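Work the whole structure out from these sequences, hints included.
So the protein lines, in turn, are chains A and B.
Under the working numbering, the first sequence has 44 at position 44, and the numbering climbs by one with no breaks.
Add 1000 to a position in the second sequence, counting from 1, and you land on the number used in the working numbering.
The set of hints was computed from the structure by calculation and includes no laboratory data.
It should be emphasised that the depicted structure is a prediction, and the values quoted were computed from it without experimental measurement.
Not the full set, but computed from the structure, chain B residues with beta-carbon under 7 angstroms of chain A:
no.: 1; residue: A1236
no.: 2; residue: I1238
no.: 3; residue: T1299
Label pairs and their in silico Cβ distance ranges:
no.: 4; chain 1: B; residue 1: D1081; chain 2: A; residue 2: N24; range: 36 to 44 angstroms
no.: 5; chain 1: B; residue 1: E1124; chain 2: A; residue 2: N90; range: 34 to 42 angstroms
no.: 6; chain 1: A; residue 1: N24; chain 2: B; residue 2: T1097; range: 45 to 53 angstroms
no.: 7; chain 1: B; residue 1: S1291; chain 2: A; residue 2: N24; range: 31 to 39 angstroms
Covered, in the sense of this in silico footprint (three residues per stretch, anywhere, with C-beta under 8 angstroms from a C-beta of chain A), are these stretches of chain B:
no.: 8; segment: 1225-1235
no.: 9; segment: 1289-1298
The C-beta atom is built at its ideal place from N, Cα and C for all residues, glycine as well.
Each chain, letter by letter, is given below.
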Amino acid sequence: MNQRINKHPIIDIPLRQKIKFFYNGKEFFGFEGETIASALHAAGITKLSESIKHHRPRGFYCAIGNCSSCFMRVDGKPNVKTCVEPLRENMVVENQEGRGSII
Amino acid sequence: MVSNAEIVIIGGGISGCAIAYNLAKKGMKNIVLLEKDYIASGATGRCGAGIRQQWAAEMNCQVAKLSREFFETAEETLGYDHDIEFKQKGYLILAATEEEDKQSKENVALQNSLGIDSRYISLEEAKKIVPILNTTDFISATYCKDDGHLNPWHTTLAFAKAAERLGVKIYTHTEVTGIDHQNEKIIGVQSNKGYIQTDKVVNAAGGHAQVIGEMAGIELPVYSERRQILVTEPVAPILDPMVISFSKDIYCQQVPHGAFIMGRGGENEPRDLKHSTSWDFLEKMTETALSILPDLKNTRVLRQWSGMYNFSPDKQPIYGDVPELKGLYLAIGFSGHGFMFGPATGLLMAEFILGEKTTIPIDKLHISRFEKGELIEEASVV
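Structure, rendered in structure tokens:
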């Protein structure tokens, strides 16, 4: 399921540098200049985290770094706001369980 | 609104709600509580809600101990249907100077003599209790495992709801505008919602205690000073006890939900009764917190707010009546510790008002102590 828009009647979508990253141990690709959550969403990963008490799936929601719905562990750091964090080469992105541990 | 009452309690914080509950439980009827905003909207709901028995002044120790014992079974006693989030994982008090180290030893000796299970410990032991602690700036610590912290809103609501079930009438968004008195006796209370005839008034107005005093024509020896506090985003649990340092001017805890809540005093805090906040606090607070608990650098501050410390000259509460005005009772001047003393305030004030023998003697906390000049100032305050 690729949700990426490659062609648009009004906006030009330039070709961008492809970037490799890891999601839960598997190799994924995104594009330079996009956020981690964008890259995951485009690749069909829509569940980014879980609700704390009932473990319900949480995905792309506010997309401006406010809502905590996209918190993931990135390069070992918990609670990263993946909806606003730019994707970088070889990033290690993982789902986190519960509240992230800061130690 | 009712037009007369046996007693009118001013203030819907923990003190007022606990006094109302205890009076009703002891059988008093027609009790009215007036709150200018909503329950726990003042200092109570704004505080760190820590409870400690590790004090330097004897009365503070005793009042705190009585409260701690209540908190341990508060949910059942008050019949509350929600968790009041009592995290009883202790208080770790760090000593940074020789003077503080000496004070710590004296405090522990006094506390132990009063049946409080506190200990003077080494930094190694402190590090075992709080593995993320940076001990660099410290000499020693004291620890009491029975201390802890609660959720101040739920705890206060638990008292308020229990009081209401016993018949107490609580009027929120009702501001007292005048205390009516004649021939040195209380005769009524004027509020923005109406007049209530009564011959007994309890001033449990927290940050506004002196304002209520003025309305009654009594100059109370208390003033309110702003104190700020912040909360971080919630993270997995890594801190058991409340950590405090008097000389570093910090208290810091991790609530069960996972957020860190921390506060400090600071210099030149305004006394204008405004709930303002400052950038300076945010800088100094985070700097101090990171020097003691460096791992907190990986969490984000969500917001900061402020509340009032109602200071008395010796930083101990003022309990009892007022010689110049019959029918006026005081539960004021908690100096930042009104929440943790709440259950004791409720019990002791109810006993005093009903003319019973109080569970612990409170004559040393009477307002007349300031005239007599028999002051023992509490040394251990953040």
